[in-house]
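Student: Hey, can you work out the whole structure from these sequences and the hints?
Per this note's numbering, residue 1 is the first one in the sequence shown, and the count goes up by one each step.
Keep in mind the hints are simulated off the structure, nothing from the lab.
Note that the structure is a prediction, hence the values are computed from the model and not measured.
One thing to keep in mind: the hints can contain errors.
Said to hold, decoys possible - If you anchor each label on the Cβ, the simulated ranges turn out as follows: (1) S212 <-> M252: 34 to 44 Å; (2) G201 <-> K140: 41 to 51 Å; (3) L283 <-> I200: 44 to 54 Å.
As the list claims (entries may be wrong) - Simulated crosslink set (BS3-like; lysine-lysine; CA at most 25 Å straight-line): (4) K167 <-> K254; (5) K140 <-> K153; (6) K164 <-> K153.
Beta carbons: idealized from backbone N, C-alpha and C, even for Gly.
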Amino acid sequence: MVDIPLTSQRPAAPASSGLTFLPETPANDPFGGLTPIGGADPLADFGGGGLTPVDGGLTPMSNDPFGGDPLGGFGGGGDPLGDLNQFGDLGSGAAMPAFNAPASFNPYAAPPAPVKQAKGGKSAYRGGGARRGLPWENRKSGRVDSPFLGTVKMVLFDSSNAFKAMKTEGGLGDPIGFAFMGNVIGNLATAGYAAVFLLIGFFLGGDADGGSVAALGIGIGQQFFMALVQAGTRATIGMFVFAGITHLLLMMVKGANRSYETTFRALAYSDGALAFCGVIPCLGALVQLIGMLIISIIAVMNAHETSGGKAAFAILMPILLCCVSVGVLVFLFIGVIGAIVSGAGQ
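Tutor: In structure tokens, the structure reads:
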């Protein structure tokens, strides 16, 4: 290393040192006396003498290595998107974005419509949530005080919500048990009222010998026994047949949105609650008849989540057919009797 003294007069460099001193610069040079070697322009090799101001701005050199198409490698004709169609499918020459959008992805499409909501925030479409069940269906949970009476009250006075809450599946044991209990209570009450009227008529008639009392007791006992038999038959065989016909008619009009079990459960719960109305003296049978026409339709409509017209067709058509059949039989019977009478008169 050669020490060069910092003096105002630079000594001449030895010929063998290979060092060349720059010309002396003024003492107040802000760059400390450093000037380009040889005064050459570092951008001279690129042509044009560097950047030349044009209209107050900078333009690239004629042979600027960074000039031309800044995104030339991404598509033809200087289009930075190349074959990518931003209004439709991805072109064949474009690369799939990193997020793997589907082929039909349209970034300019409108957002999807929100899900339709019903009042109260619940979905307006069928099948939005699990049904909580009737009190009778939840009796094993221990949170229901009077499962039978609670279900009867709900079915009779809040039918729509009752069958919206009814479970559409879970076996036939619960609905059969409810229908049987309702029929037993209603039938026994009806038999009891009939026995009271028989006793009143018996004692008012003055015929109170031993044989008559025994016959009266047997008759009353038979009424109670038949009440139990009728309750069991109606809750099982009667329900299976009635539900089968109703479900078949629902299928004919495309109103059976659920299984046969749902139809059976709806009709069994409505029948059990209506049969319980037999405890009403004298008017129990009338209440059952009117209630069957109304509550059964509501039960099928809400259990299957179908229209009221389809539910009414499924419930009323068997009744109409029965009435027509009975009318035909009565007409034939009257005709036969008339023929016999006219034949005997000749």
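Student: Please go over all the hints and tell whether each is borne out by the structure.
Tutor: Results for each hint:
1. The beta-carbon spacing between S212 and M252, approximately 55 Å, falls outside the hinted interval of 34 to 44 Å.
2. About 46 Å separates the C-beta atoms of G201 and K140, a value consistent with the hinted range of 41 to 51 Å.
3. For L283 and I200, the hinted distance range of 44 to 54 Å is not satisfied, since their beta carbons lie about 19 Å from each other.
4. In summary, the hint linking K167 to K254 is supported, as the alpha carbons are separated by about 21 Å, within the 25 Å threshold.
5. For the hint pairing K140 with K153, the CA-to-CA distance comes to about 19 Å; that is within 25 Å, so the pair holds.
6. A distance of roughly 15 Å separates the Cα atoms of K164 and K153; the hinted pair therefore holds under the 25 Å criterion.
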